[in-house]
Amino acid sequence: MTAVFELWDETRGMEIIAEHASQEGATLVILHALQEAFGYVPEAAIPMVAQALNLSRAEVHGVFTFYHDFRHKPAGRHVLKLCRAEACQAAGGDALAARAEAKLGVTLGNTTADDRVTLEPIYCLGLCATAPSAMLDGRLIGRLDETRIDALVAEAQR
Amino acid sequence: MSMKIFIPRDAAALAVGADEIAMAFEQVAAKRGLPVEIIRTGSRGLCWLEPMVEVATPGGRIAYGPVSTEDVASVLESMASDGPHALRLGVAEEIPWLKRQTRLTFARCGVIDPRSLDDYRAHGGYKGFERALSLGSEAILNEVTTSGLRGRGGAGFPTGIKWKTVTQAKADRKFIVCNADEGDSGTFADRMIMEGDPFLVIEGMTIAGITVGATKGYIYIRSEYPHAVEAMNAAIVAARRGGCLGDRIGGSAHSFDMEVRVGAGAYVCGEETSLLESLEGRRGIVRAKPPLPAHRGLFGKPTVINNVLSFAAIPFILAEGAKTYADFGMGRSRGTMPIQLAGNLRYGGLFETAFGVTLGELVDDIGGGTFTGRPVRAVQVGGPLGAYFPRALFDTPFDYEAFAARDGLIGHGGIVVFDDSVDMRRQARFAMEFCAIESCGKCTPCRIGSTRGVETIEKIINGERVSENLALVEDLCNTMKLGSLCALGGFTPYPVLSALKHFREDFAPIPTTLQAAE
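Line by line, the protein sequences are chains A and B.
Position one of the first sequence corresponds to residue 3 (the working numbering), numbered consecutively onward.
Position one of the second sequence corresponds to residue 7 (the working numbering), numbered consecutively onward.
No false leads were slipped in.
Here are the computed lysine to aspartate or glutamate pairs in the EDC-like style, where the Cα-Cα straight-line distance is at most 16 Å:
hint: 1; chain 1: B; residue 1: Lys222; chain 2: B; residue 2: Asp253
hint: 2; chain 1: B; residue 1: Lys307; chain 2: A; residue 2: Glu26
hint: 3; chain 1: B; residue 1: Lys105; chain 2: B; residue 2: Asp371
hint: 4; chain 1: B; residue 1: Lys222; chain 2: A; residue 2: Glu26
hint: 5; chain 1: B; residue 1: Lys507; chain 2: B; residue 2: Asp413
hint: 6; chain 1: B; residue 1: Lys10; chain 2: B; residue 2: Glu83
Some but not every residue of chain A turned toward chain B, in silico, with C-beta under 10 Å:
hint: 7; residue: Ala28
hint: 8; residue: Ile32
hint: 9; residue: Leu55
hint: 10; residue: Gly64
hint: 11; residue: Tyr69
hint: 12; residue: Phe72
hint: 13; residue: Arg86
hint: 14; residue: Ala87
hint: 15; residue: Glu88
hint: 16; residue: Leu127
hint: 17; residue: Thr132
hint: 18; residue: Ser135
hint: 19; residue: Ala136
To be clear, the hints were calculated from the coordinates, so they are not data collected in a lab.
Note that the Cβ used here is the ideal one computed from N, Cα and C, for glycine as well.
Take the sequences, apply the hints, and build the full model.
And the structure:
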């Protein structure tokens with residue numbers, strides 16, 4: 003299922019920030035909430051977060067860029083994450099990742115030209131005894147093989 | 007009476023179709039007019055048998071697995087008639103792989119409904135907490151210290167000493183922080199226990215709270231674990247409703263509450279000081295120690311920060327007594343360790359056992375060798391920062407000191423098995439690459455060293471001045487080991503140096519194993 007996100011709207015952004023701003027150490031909580039609503043953290047939101055938390059813009063920007071999860075622009079319609087850590091490597095994950103890259107015509111970390119699929123590496127889904135594993139739009143898939151990865155790629159391209 | 011069917015909701019079971027199976031059971035049962043009650047549990051940890059489905063019978067819970075949607079009709083038939091089936095495994099507890107374990111921490115995982123506080127209590131939950139209340143702070147500290155429990159996150163620091171330090175610290179506020187940023191590949195015990203027995207973690211943290219005098223706890227869960235986040239949040243709500251969190255818990259004078267915070271994909275946040283920075287809403291930059299978190303931790307206040315498995319061990323220790331726990335194990339490694347068998351293994355999963363079992367037993371005997379059927383060549387123990395051990399070291403007992411003596415570490419108890427198709431140069435390069443991606447950037451050996459490490463190993467792979475570059479990598483590793491602030495830069499040399507030492511043939515200009523493989 004494709005996640006449906008709201009279009010960026012300053013008032014809505016303010017609302018989300020205000021909802022969480024009183025928590026201790028709220029920066030990550032707010033960035034997560036913004037990304038959950040809009041699918042990414044719009045640049046315009048950074049100074050708003052800074053003001054709400056009485057931090058400098060640089061500090062909030064620093065937090066935003068430190069963590070792999072936060073996006074500065076929307077992802078493709080589907081996000082396919084392939085686990086690239088050791089347990090999945092041991093179970094044949096390298097070849098499957100290469101296969102997915104070839105089928106989609108993008109390397110890990112990129113979005114297809116038609117904006118349909120973002121292909122990303124993930125370092126461990128904790129499914130190491132049913133490896134290799136992947137996550138398609140939040141759905142987990144284990145025991146990947148060539149047939150399953152092909153089906154996943156096809157599903158993501160639809 | 008309706009038939010009780012247990013189907014896991016553990017992420018590893020979901021990844022191989024547990025939700026579809028649950029739906030199919032409901033549909034087939036409805037069509038056949040069979041009254042069934044489906045209970046979603048955690049996983050027993052026999053991952054190669056997932057989805058493993060169980061049915062309650064007078065003789066115990068009978069397991070079936072691995073069940074696919076096509077099997078559901080016939081499995082249900084076998085359940086209803088108590089008849090034979092190709093996937094029938096017998097009474098779950100009697101399955102040899104499960105029976106030979108010592109499940110102290112994981113006793114309830116896969117058995118109970120993780121969303122039901124009543125079910126948790128019915129299976130001995132909160133017994134440890136009740137005893138803790140009657141003991142009081144000093145006696146609890148004594149129990150935890152006597153149990154010999156050491157930090158299960160990997161560092162192995164005695165939990166009792168850490169708690170005592172925080173107890174003695176004077177401050178207006180203290181915190182309990184649970185490190186659920188289980189980023190090591192090959193580890194999934196934290197995830198399983200949070201999804202399968204979340205009240206256990208809450209109980210452990212609550213006991214820590216009443217011991218040291220903290221009223222607020224945080225559990226920092228990595229964002230890669232959405233199902234664990236959901237399970238913990240649901241359990242916290244249920245615990246509050248049941249009077250187990252909040253003001254005057256369990257009718258006592260103590261108050262304790264907690265909340266979940268979600269990470270954002272930074273491996274380094276598994277390092278305790280980096281985690282605290284992240285909890286405070288900042289970049290996950292490692293802090294220099296001292297001051298220790300026990301003195302100045304979260305928001306500058308005295309903080310107990312422990313791994314999920316450490317907190318999860320506490321209720322048993324309090325309920326059954328420190329001696330019962332300490333009677334298991336070897337040397338200075340007391341009690342049990344939930345070991346995670348992963349990668350290229352036939353029988354992968356969660357195997358909780360007393361310290362002392364050898365690596366060889368774990369890989370060959372319990373793990374059953376590789377699922378590819380090829381010989382085991384390398385085993386990485388302890389995650390991305392753990393050493394690669396060859397078969398020659400399979401007699402190493404699972405014990406903090408024994409692994410350290412052989413330049414390895416048990417870390418968080420993850421074991422990743424590789425067959426003979428592995429190219430150890432690539433694994434060594436990956437270790438450096440991973441460190442480069444995940445370095446917080448604070449200290450130079452880690453930030454620059456890891457990138458230089460990737461480049462130098464790359465040169466070795468390309469056959470450029472191999473012996474000189476090998477010497478350079480070894481030198482660089484020593485610098486990282488001694489000069490890094492935390493375990494990320496400090497332990498990345500373990501996989502690299504162990505690959506160089508034990509699998510030297512792969513680093514020769516033309517590796518013989520590669521020739522043979524190609």
